[in-house]
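Next come the chains, spelled out residue by residue.
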Amino acid sequence: MNATSTTSSASDSISIAEIDASCRVPLFTLFVSAAAWLVMASVFGLLASLKFHSPSFLSDCACLTYGRVHPVAVNALLYGFAVQAGLGVSLWIIARLGETRVVQPWLIAAGSKLWNLGLTVGVIGILAGDSTGFENLEIPRYGVVFLFLGYLVIAFPTLVTFHNRKERALGPSQWFLLAALFWFPWIYFTANYLLLSHTPVRGVTQPIVAWWYSGNLNLVWLGLVGLAVIFYFIQQLMNRPLYSRQLALLTFWTIILFASWSGIPQSAPVPAWIPSISTVATILTIVTVLSVMMNVCKTCGRGCSQTENPTPGKFIAFGSMAFAIAWLMNVLSAVPGVSSVTNLTWFGVAQWQLNVFGFFGMAMFGAIYHIVPQVTGMEWPCAKSVRRHYWLAALGIILIALPLAIGGLVQGFRWANVNVSNVDVAKSALMFLGVSTLGEVLILVGNLMLLGNLIGLSVRYYKIHFVPVYKDATAELKPAEVKP
Amino acid sequence: MKFGPLVFLAAFLGLSASWYGLVLTPQVQLGRATQETNSVVKTELYPVGRPGLAREGLEVYRANGCAYCHSQQVEQKGTLIDVVLTEVGTNSMNVANALNEAHVGDGKFNGPSVGAGLPKPVLKGATIENASVLANVLKKAGATAELHLVPTGSDIERGWGMRRSVAQDFISDATVMPGSLRVGPDLANVGARLPDLNWQLVHLFNPAAVTKGSPMPPYRFLFERRKIGKQPSPDALKLMGEFAPAAGYEIVPKPEAKALAAYLISLRSDVPLYEAPLTPPPAPAAATNAPAK
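Those protein sequence lines, which keep their order, are chains A and B.
The numbering of the first sequence is the numbering used here, which starts it at 2 and goes up by one.
The numbering of the second sequence is the numbering used here, which starts it at 4 and goes up by one.
Just chain B, same shape as in the assembly (with noise of 0.2 Å):
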């Protein structure tokens, strides 16, 4: 390469080739993407859209950089599956023998209890080969069974999300902030852990309030200490004991504190996709005000 043209040329070729490559197809892939229906329940389009509140938070979430110490994206190893047996049909003792000479679990299936505590699971954790061999059997023998998905990994354990955060789940955001550190835990689906919004906007005043020894940051400015007046605020935040304010005083979320609390809580990508298959829990489990562990 003794010319300047040669090194513009092949500077234009480098560039080019990633630029087609990770600029021009992702976006011919996914610029154009629109709700997609929920896998399990066909009716339902996901994602929804943030309401206008949860809006205004992204751009405060944005504004503080909340993303260079939490991400947003649930990684997901693999995918097993259980076989959940629904209803064991006319003939239990089949059942139980099919169960047993399956070598499931660790007890021995015998006919008239086979049948008690349905649905539950007879297999956890099972490739798909095995589990579909033992719904096999099960089927022969007159039972019915599900097989269900249940995605794995360390994120998921941490109850961080229920599958992979896939890109369907940020289509209908202004600002994308994955993240690339994480200092704290993963928020994509803080909405669907910590849906109590006092309990965000506690922990955003005061974090070591809820989390004890918790190295987050107060975010003291997004809230207003001031004085009780003829009666107290109805936003004012529940302070217990030591963080409670002096007598006569109240903590009341400035609109940005209640903005970020509100899509705090609009975060959650729980949803079964296409591509990002789960069995979500018969019933939502019930809401609960416990901080992550």
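Extracted from the complex, chain A is given alone in its bound form (with noise of 0.2 Å):
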């Protein structure tokens, strides 16, 4: 107790500038990394959609055929972009809560190094054909090691900054926060472990735990931070405290207890229980989205409209509204008669962009963009790009995840008829997938602007600080200053 007094005593002396001072480096060296593996994403996500438009496009090198260009996408997206962005929002929404400075800035920002050094050798190793064969998993292992070493470098001090916090009693956010800061290496160490170790496990069990954390990576670590921060910045923008406490306690449960068993196709070809029970999880987890939905309604209530959103918000807005669709999506293909429709289609692939790009980059989107000026003090070079980027990215995203979504229950109810032939199936999808090759492009040119205009700052930012200071030092010195 007496530990506690004297931190609050000490609390009155830290300011929110401070504060957000203390968050600078680490979260520069995390959005910067994030930004720049979210260009390369939709670079290599351009790339392989491209590839249905001529198959013979850039296919006689063997390291930039589809089943290896999709896969890099994909992992840049989830382990460069969502995971580093997330990693970052949540620590400055950690100390801002807890009113408390960041705990070993530097110390954040070298893990972030590690965590990307793994990554870059998992992509090239993708590339070269080292590629585990495991979906979300692709990384090999030598990859994997630097992975969960940067990430536990960036948690631990983080969850230390966690535990300084000066007012000791937790909101919804930080539930949530906390609860993913332990699930993702808790899954990640496991998958690795029983799929990649020398001794790994047998037959249909590798994908099953695949699956299992495929569903725990996409709908409960992206699903708890990606409401982290809508709920945080729901209760800033609309200057008022979240409607209730209790809807999101529900919320944090149903995500623990339903979507952690969600993800196995009812096709698989396991134990009927397995798939059986991961489907009854699924469709419980609507209870998520109704209570996510009135929650988020009730906390902006009538004044939403009447007041004007900053862009940040509208990135929010768009963020919950992809949440509820996606997981209602995800709810969908579980019901028996529907999935037997959706099921191996593209249907799948557009519900899993629309939740990671459409939900959980879009909330990103909208906490980077308010958070960076307010940890730098400074404005963004081009705020007008700020603005073309939400129409961009929310444009892009409908045009990826609309068309494909029609283009999977086409293609479902196409297999499903005999009498149109394989090739035929197969050729019916690409005109959705035009369409949505138009939406990479869009989400490209948005996602560099982003990155461009985080390195503008980061730019200005040196300019400003680190220039003056280095002149000075190496300022010739004057005659007069010389003392014989």
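There may be inaccurate statements among the hints.
Unchecked claim - Pairs of lysine-lysine, BS3-like flavour, derived with a Cα cap of 30 Å:
#1 Lys261/B with Lys230/B
#2 Lys428/A with Lys80/B
#3 Lys215/B with Lys230/B
#4 Lys261/B with Lys428/A
#5 Lys80/B with Lys127/B
#6 Lys428/A with Lys215/B
#7 Lys428/A with Lys241/B
#8 Lys215/B with Lys233/B
#9 Lys111/B with Lys45/B
#10 Lys315/A with Lys428/A
If you're looking for bench data, these hints aren't it; they were derived computationally from the structure.
The structure displayed is predicted, hence computed values, not measured ones.
Each chain sits in its own coordinate frame; assemble them with the hints.
Written out as structure tokens, the structure reads:
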């Protein structure tokens, strides 16, 4: 108790500016690398998408075949962008809500470097043909080691920062972020250990573990972090507390109890109880969607439409809507009658894109555009491009998710119709893929704007804060100052 | 939940539950699976494991991400029963009358012709209840009938397999890639469907050469185009017409291509099992080079 009282008396001296300043180094490292990987992901995603227009496009080089380019795009988006941006935003929210400085900011930045090293090695490995063959876990063993260590180096100081908080009582955002902080290393270690160690699990236990991991990463981890960000920013933007803590608690429990069981398709060649239990759990996540929607709508209330929403808020609003649609699509595609059509089609890809980019990505963009000016005390070099990025990203993800979802349904019905030949079914998706390529282009342009803005800001920051210091330090001494 | 340790406990509980259900329990149930006996030919064990070259081919399949466009999981909607008359016995009139009373099929049965062309199915696609009723009627009339199990579903009608894929099909593979998207056809039984090695190699080199309009990319980097030496290589691809290489040149598969083709040919899971029963056709269908439709 004594310790608490002494720290709380010291808390008065920590201003918001000081907290933000302590975030600067790790946040910049995490956000700039996240944005760079995001651009990488969309470049490779575009390459993969172009291959459907002309099958022989870049097909003579082994490392640029669809089967290697596509996993690179997925891994760059998940591990390069989503996890790093998520950790950065988490760190800032934890420091702000805890009213405390970030512990060991340089260590966190170093952890990010380690993470990026692992990912770079892993991506090169995938391009060279070393992919593990498990979806969302393609990074080979030699990359995974760095990624895992990098995560620990980032997460440990974040946890200590959390522990040092001045305000002891926790809000919903903090439950979500804390759970996510623990969740990732558990699932990542378990899945990689069971699949890539010297004595991996055998037979269909491998895909079961991989599906379990994918469900936990794409729904639980991204869900927890993304919703924490949405809840936090809605309270900030509306300047009022969340409508209901109890509802947020319901969201929390349904995510960790139901979403963590989802992800195993009904067609899986495994004992029937596994997909059955997974289906029931997935359908139960509808409670998550309803509780989030109710909380978000009630918190915003009627005031929402009356005030001009700043651009970061637009990103957050889009993210919440995409969350509801993506998770409803996930519930829908688990319903037995529907899943026999949508299973193994582009519908699943549409759902994944909408969840990762439409929901999580948009929430992160909103957060980054809000946070970075605060921690640097500087405006974005190109304020217009923030708004443009919003429109490009929103339009881009709609142009990807909508055609692919429809294309998936068409494809599902046609696979089920035995009279349509294999080639005709494969070709029926091409038109929808064509539209989604346009979406990929828009997203790439938007992502370049984010990266450009971040780099521009870094350069300006460097010019203002370091160049004068450097000049001072290296300026020739005037004769008068030299004492004989 | 006001305190950190509580959140930690909640997360621990949630994650442990899903880990227990979807990681530990499947491992306990399936992790030590061994070969099982063929449910029809009791002396055969399944699966027999792939030959060495096919195992190397699995690595090529993994490295090039074939699983992003091709699944290896056959779905099955249900199982229907065919009643097949095998012997008429001594009183063919009785059998014909029994069949007519059972109202199966469109035509009428009569004594002399009912025994022609045996074994023949007298009832197709029936439920187990109806099929057993008919089998009993036939038994009373002195005939012998067999019940044949016929798995159904669009995947099976497409010729992608004879039954659904089950865990047993995968126990001998180093990396199991059931896939998540069907851009192209399912490959769980591609070896049973298209067992011709040259077809597989030509298809890998240029899919459009054997499947008109195929949107699959060519995998030319798995092959070598070289000048024909003193005598042509025995491995050279047999390419026809517009797809043939220029005169004096030949297309020779690299070891990776040979391994991948061997793996594809080794892909077949059509053995009847206790958990995926089926009645195998009397004589295996003749292997054809025809591409899947």
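Status of the hints after comparison with the structure:
Taken as a hint, the Lys261/B and Lys230/B pair is honoured in the structure, with Cα atoms around 20 Å apart against an allowance of 30 Å. Between Lys428/A and Lys80/B the CA atoms are separated by roughly 25 Å; this keeps the pair inside 30 Å, and the hint holds. For the hint linking Lys215/B to Lys230/B, the alpha-carbon distance of about 28 Å falls within 30 Å, and the restraint holds. Restraint check for Lys261/B and Lys428/A: satisfied, since their Cα atoms lie roughly 28 Å apart, inside the 30 Å limit.
Straight-line distance between C-alpha atoms of Lys80/B and Lys127/B comes to about 17 Å, which keeps the hinted pair within the 30 Å bound. Taking the CA atoms of Lys428/A and Lys215/B, the gap is about 12 Å. The hint holds against a cut of 30 Å. Distance hint between Lys428/A and Lys241/B is fulfilled; the C-alpha atoms sit about 27 Å from each other, no more than 30 Å. For the proposed pair Lys215/B and Lys233/B, the alpha carbon gap of about 34 Å is over 30 Å, so the pair is violated.
At roughly 39 Å between alpha-carbon atoms, Lys111/B and Lys45/B are farther apart than 30 Å, so this suggested pair is violated. The straight-line distance between the Cα atoms of Lys315/A and Lys428/A is roughly 37 Å, outside the 30 Å bound, and the hint therefore fails.
Checked against the numbered hints given earlier, the structure breaks hints 8, 9, 10 and satisfies all the rest.
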